[in-house]
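> Sequence:
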Amino acid sequence: MDGRPADRFLLVGGGIASLAAAAFLIRDGGVPGRHIRILEAADRPGGALVSGHAPGHPTLYVGAAVRGVDEREHACLWNLLGSVPTLADPSRTPLDEMRAAERRPRTALEARLVDADHRVARPDLRLGAADRAALRGLLDRSDARLAETRIDQAVPAHLLAGDFWLLCTTVFRLRPASSALDLKRALLLHLPDLRRLPVLPTVHRTRRSEYDSIVRPLYDWLRCEGVAFTFGTTVTDMPIASEPGGGRRATALTCSTRGREHTIELGGRDRVLVTLGSMAANASHGDDENPPAFDATRRDPTWRLWESVARHQPDLGRPEAFTSHVEDTAWLSFTLTTTTSDLTWFISHLTGDPDGGGGPVTFRDSPWLLTLTVPRQPHFTGQLPHTHTVLGYGMRLATPGAHTSATMLRATGRQLLDETIGQLGLERRALPVRMNTNVRSIMLPYAGSPLATRRPGDRPEQIPPGARNFAFLGQYVEIPGALAFSMEYSVRSAMRAVYALLGIDRELPGADELGADTGRAGDLDDALATLATAGGPAPQPR
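According to our numbering, the sequence shown is numbered sequentially starting from 35.
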């Protein structure tokens, strides 16, 4: 099929997957922007990438922890960012901005791990024979078997107690309860990076928050191209009818727009691209005095569409596989907004990058496995002069802190700040830091769910068998070899779906990185051997 002028494309969801799909329809499919409509339940685009001013507080900020967007590992994202003009200068792209920012001397991260004495800890990455054999064994096991196996069921407990795992969990965002298949995929996709884990160098980062540097320019460009956005609209059902010869076709979209129920009938030339599920569903915010609410019983309507479709078409995935274990998938991050430079100076001193952007610092002995990042300032559009922001997250939400009795999941902003001060060893400067710092946190019950254990069929194919006019996008579709919980996964899903629907015969960027795992055990052995020579003395038991 091709994108002829009579076509109409309806995109369900306003996250990065749908935004990217609209861009690829226009750029690669020749579809006029005015024939594309995006339906989004929230009042602005971006999905899980939304960040900026905290609700009701124009001088405070909330955002996600920054992740690097290395070219090799984010090939589809880089391909997209090279096609969109920035808001400030239409002659430049977000990719140009990232490359320009990285032309300054790039410094290796001085501190990737910090110990209980607030000193830089050289990680011990020497793995024993049993640990190396366990990691090699992941490559020999079938994807289907690994997908439903937890990491802590697939590798020895002592491997999960060492520095190698501490670096893996904070970089790849995997937990012991995550799928062992995703650990396998992380190892295969990042084999060259395993050598860099001890002193993680500064990878490419956006100039400001990912929302400001990627989502907003993309949204602005799509609007200029004529793409229509309908906010406040939740799509709750998509009836699918069978056709002769084994085909099936979506016939309508059942919608609710600000309380008004209505139906969008689909014609013969209409096509639908649906983002399934949502990492940002049921998001709740906390402030200095209150932790975020945690209500696992209230189901966000953004999951309703997939649940309804799967109820009538059982081969279109099982959303309950990703929503039933919030104790393992919940994610909490926080933003410190401060008018004193004590926090940012101390963290930047550890990383060796006084301008920020030096990368994450993980406190090895923190009960929460706390990680902090000082991004380049200002990080948010409209950030007030003389304010600094620090981004933080933890990987163990149910454990009491070392400097507060609260678990991270139940911690107020003040308690998050107390734990941060204690882990940094800033008790002598605690009073001015507390007086001049505000904290806003955000809890996402399903943020880690794309990495959950799963069975074959829990994730649907992007173009299901027989589908004539619909495709699926996002973190919950199956992309062989790819690792979820990244922008790249969403953007790659968008490119795959658009190319399949329009019959575009073109290889996706970075396709060679998702090849078969056969013959890779030797590469893994080499990477682990290199790590062993970079490691330091064994850390004290903790």
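Don't take each hint at face value.
Unchecked claim - Computed Cβ-Cβ distance ranges for the label pairs, DEER-style:
#, residue 1, residue 2, range
1, 515, 538, 16 to 26 Å
2, 71, 534, 13 to 23 Å
3, 292, 42, 29 to 39 Å
4, 124, 470, 23 to 33 Å
5, 257, 416, 15 to 25 Å
6, 302, 135, 45 to 55 Å
7, 327, 416, 55 to 65 Å
8, 303, 190, 34 to 44 Å
Hints in this document: simulated from the structure, not taken from any laboratory.
Glycine is no exception: its CB is placed at the ideal position from the N, C-alpha and C atoms.
> Would you list, in rising numerical order, the hints stated earlier that this structure does not obey?
3, 4, 7 and 8
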